[in-house]
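Going down the list, the sequences are from chains A and B.
In this text, residue positions in the first sequence follow our numbering: the first is 1, and each later residue adds one.
In this text, residue positions in the second sequence follow our numbering: the first is 1, and each later residue adds one.
Keep in mind that the hints are not guaranteed to be accurate.
[As the list claims (entries may be wrong)] Distance windows between CB atoms, simulated:
| # | chain 1 | residue 1 | chain 2 | residue 2 | range |
| --- | --- | --- | --- | --- | --- |
| 1 | B | PHE36 | A | LYS158 | 39 to 45 Å |
| 2 | A | PHE66 | B | TRP46 | 41 to 47 Å |
| 3 | A | GLY169 | B | TRP46 | 27 to 33 Å |
Keep in mind that the hints were calculated from the coordinates and are not lab data.
Cβ coordinates follow ideal geometry from the N, Cα and C atoms, glycine included.
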Amino acid sequence: MFRIDRRFFQYFDWVLLVLLLCVSGMALMNLYSASYPPSPWGIPPFLKQCYLFLFGLMGILFILCFDYKILHFWNYPFYIFIIFLLVLVLVMGNSAGGAQRWINLGLFKLQPSEPAKLMLVVTLASYYSRKEQSDGYGVKEMVTPVLLTLLPFLLILKQPDLGTALMLGIIFVSMTVFAKVRWQTYGLGIILGSAAGVFAWFYLLRDYQKRRIETLLNPAKDPMGQGYQILQSKIAVGSGGVSGKGYLEGTQGHLHFLPERHTDFAFSVWGEEWGFAGSLFFLGTYFLMLFWGLYVAMTARDRFGVFLSFGVVMLIFWQAVINLLMILGFLPVVGIPLPLVSYGGSSLLTTLLGLGILMNVRMRRFQTGQNIEKMK
Amino acid sequence: MKWSGYKNLEELNEHDEADLDLLKRRITFAGLVIIFFAAIIFARLWFLQIHKGEEYRDRADNNRVRMRAIAAPRGNILDARGREMVTNRPSFNVVLVREDSNDVDKLLKKLASALDLEISSLWEKLREASSKPRHIPVRLLEDVDWETLAYVENHNQEFPGIRIETIPARVYHYKDLAAHAIGYLGEISKKELAARNSDIYTGGDLIGKMGLERLREADLRGEKGSSSSEVNARGFEQQLLKNIEPLPGNDIQLTIDAELQKVAEDLMDEGGKAGAVVAMEVKTGRMLVLASNPVLPLNQFVGGISHKNWNALLDNPKHPLINKVVQAMYPPGSTYKMITAMAGLSAGVIDADTVFYCPGHFKFGNRRYHCWKRTGHGAVNLKRAISESCDVYFYQVGLRVGVDRLAAMANKFGLGHKSGIELENEKAGLTPTKAWKQKRYSKKWQDGETLSVAIGQGFNLVTPLQICQMTATIANGGRQYLPQIIEKVTDPDGKTLERFKPVVMTELSKNERSFLEQIREGMEEVVEGRHGTARKVRIKGINIAGKTGTAQVVRLKQYKHLKEEDIPYKYRDHAWFTCYAPAEDPEIAVTVLVEHGLHGGSVAGPVARALLESYFAERLQKAAEEENAQEKAETTGQER
Chain A
1 MFRIDRRFFQ YFDWVLLVLL LCVSGMALMN LYSASYPPSP WGIPPFLKQC YLFLFGLMGI
61 LFILCFDYKI LHFWNYPFYI FIIFLLVLVL VMGNSAGGAQ RWINLGLFKL QPSEPAKLML
121 VVTLASYYSR KEQSDGYGVK EMVTPVLLTL LPFLLILKQP DLGTALMLGI IFVSMTVFAK
181 VRWQTYGLGI ILGSAAGVFA WFYLLRDYQK RRIETLLNPA KDPMGQGYQI LQSKIAVGSG
241 GVSGKGYLEG TQGHLHFLPE RHTDFAFSVW GEEWGFAGSL FFLGTYFLML FWGLYVAMTA
301 RDRFGVFLSF GVVMLIFWQA VINLLMILGF LPVVGIPLPL VSYGGSSLLT TLLGLGILMN
361 VRMRRFQTGQ NIEKMK
Chain B
1 MKWSGYKNLE ELNEHDEADL DLLKRRITFA GLVIIFFAAI IFARLWFLQI HKGEEYRDRA
61 DNNRVRMRAI AAPRGNILDA RGREMVTNRP SFNVVLVRED SNDVDKLLKK LASALDLEIS
121 SLWEKLREAS SKPRHIPVRL LEDVDWETLA YVENHNQEFP GIRIETIPAR VYHYKDLAAH
181 AIGYLGEISK KELAARNSDI YTGGDLIGKM GLERLREADL RGEKGSSSSE VNARGFEQQL
241 LKNIEPLPGN DIQLTIDAEL QKVAEDLMDE GGKAGAVVAM EVKTGRMLVL ASNPVLPLNQ
301 FVGGISHKNW NALLDNPKHP LINKVVQAMY PPGSTYKMIT AMAGLSAGVI DADTVFYCPG
361 HFKFGNRRYH CWKRTGHGAV NLKRAISESC DVYFYQVGLR VGVDRLAAMA NKFGLGHKSG
421 IELENEKAGL TPTKAWKQKR YSKKWQDGET LSVAIGQGFN LVTPLQICQM TATIANGGRQ
481 YLPQIIEKVT DPDGKTLERF KPVVMTELSK NERSFLEQIR EGMEEVVEGR HGTARKVRIK
541 GINIAGKTGT AQVVRLKQYK HLKEEDIPYK YRDHAWFTCY APAEDPEIAV TVLVEHGLHG
601 GSVAGPVARA LLESYFAERL QKAAEEENAQ EKAETTGQER
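Assemble the whole structure, with the sequences as input and the hints as a guide.
Printed below as a string of structure tokens:
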């Protein structure tokens, strides 16, 4: 069905691979420090993440063998499968902290809301690339993508996982704006959106979710709760100073002052140990990777490729921005990981798959129909 | 393979090249959004890490570093020969760090049931500390025994927040010896804390509450050390960062000789006597013995005295809390007769050969003043008057000298004012004068009162230390030394900070000094003479000069006819005996007061005698050996 020829290497996206390896290398190194000293029982998170990373790289190699266009075909089966998983997790998922988010697969606990994000990117890319509208989408054409987004959105909100649910919304908005809609559609969307927001604040949001938003406005009011986490994170990053305290020398993380220091607050550890210089270098590389992703979108050969790569970049970008703004005390603690950096298999694999799609788009930038025939 | 259903796809894409370009142009806008957020993030990083970096670094350090003071071992207290009297041992307190406990209520209940304690007492301790920060340990139990210590240490997992604190505690190697002079420690009170330097003291510190522990607090306390440890978010100490060892306090060597002190206290303890024993080096002012009975139970004060024990001390009719050496005043009784004699001699109203006739009483006005010997002494001169303590003789002298000159002489020997010894709450005593009575009672002085004063009764009040000082002044030829109790103060490195130096307070005039010999002759007769009142005190080999005294407590007729043992304890007379030895070249002055002891010669005398025996033990033994050798030589010589 497929054959690896020399063009595979010729067109291979070496730049993205190098950037990915750089970011992941630093991220894994940081994870080692964040979960240091290693706990005596179980596989340490660092090692687990390493295995998953290698597994993810193999996954990238695997998907590179197919043209990304088959996603047009596999899109809806995927969509249905993910929705099935999201329902499954509500029915029989493992709960943690009052929320049902995981399905235990034995080796690995799958958090279906993570692949759901990527699945939404693919679905919307597929929809917008098929239904072209040069003067922007009207309200009628928007019904399908809104429904496609709303279904997983509500299922995730039900878990409840407000952060991930909002992430779906942000992806939808980014891609829709990118696809261009008419002004009246914007107007209706804003009206409906704010109405839903007000409704949600009074009827849907749980107390702890409201409190998160409130503590952001006044963190000192609640020093041991949400505000405490943000404060400790700021202390960690701030105390890093210009050059940091040195690798494995951070005190905020190692002495457990930092909450969730290997998951959502992993970058605090980096900031504490490597300081402003290290943070600049790391985030520089990280954003370079995102810019490269946009470049991939620019050079994609078709509309689907553009939407797909743009969606993947937005998926990573918004998660990163929200996570970083949270760590730096600008946003409430919403439970959004920093892709590639935060510990978590579902998020890591989803991100790697997304980057794999980017590479795929990049690799096949010169191919036309005939090329595809040849590839076959 | 065909892309079924999407045949037109490629055509569509190719067809809309222009549209694709439009789409791609929008990517540039997305790039600007990324740059915008990246800029915000970098600016924020700059603000936190560079602009506020110092501040956050301090906060991170405050987060993780916990400072704890380490109590310094107090200085040791040694006796005159360098024997350790008071040192330190580690003591273990059970403390609670409220911050580390998530449920204090449950924890205390568990602890109380495990250690079989009253939970209310634990709550009391916690209430007292309620205003302190939550990471400051609260002492629940002080100076716990090994069993409790082992239990708490072994079960520390079950009691989160409960810790063992090790602090130095006092060890009294001679039990309660010289307890009043040494004093005791207690937890610093809020009042004391407010009055003192907050750099040195914090709540929970031990501070001297009495005696030298209080007076020499600054020498003994040393300097606290500190340990900084790294703690994690739960407050558990992870590692020691910095440790500053505490600096022990200065050692204090007393002039008190523990062995002599022990002889004195043990003898006083026999039969439960209350009173004081004072011994002084006559030519230096060194205090060798400062005993006050009953003694203070010092060990009850370690780790805080209980209310029950404290009330028992307060209610004890023999007043163990009072240091009777300096804080109690008694009529001097016949020991005052030396003053009367000195006043008479220096005023010129008598000389050594002046004779008064004692018929057993002295008629003055329309009253009869009795001599203690109802049958009378007959004709008495000064020497006999002192040795046999003839009251009539001193009535005559007192009457001729007058009360004001008696008081003036008494003052020259240290009576009526504080000696200046380094002990607390010293009483000045009282040497009455005409002016004093006018001022105090707005009444004129009666000459009959002078008679009482002349034999040491009436308004006269002295402390045992004053009588000892008086005796020493007579013995050393008229020099009044400052009584001192500190031989040496050394810092932990062994450097001497302070060393004993005799201080002469006042000296008698040449004229006055010339009369002392006659007084001393009389005093020697008291012990060594055939009719002396203290013949029981004699020691073979050492000549002792002394004076007995009986201080009337009440002058109630109803007890006069009673047998001595039938008089209620609190109405019995106080017994005095004061002396110095050797009579020829005095070294030591000893004063014994037994409260309600009735007889100076028979009750107070033996205590002084035993003390002198102990003091001269070596010399007496040597003398005895020489004598034996001589006898042997004589007998062998005879055999030859």
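To see whether the hints hold, each was checked on the structure:
For the pair PHE36 of chain B and LYS158 of chain A, the supplied restraint of 39 to 45 Å is violated, since their beta-carbon distance comes to about 33 Å. Judged by the Cβ atoms, the range 41 to 47 Å given for PHE66 of chain A and TRP46 of chain B holds: they are separated by roughly 44 Å. A beta carbon spacing of about 31 Å between GLY169 of chain A and TRP46 of chain B agrees with the range 27 to 33 Å that was offered as a hint.
The structure does not agree with numbered hint 1 stated previously, though it agrees with all others.
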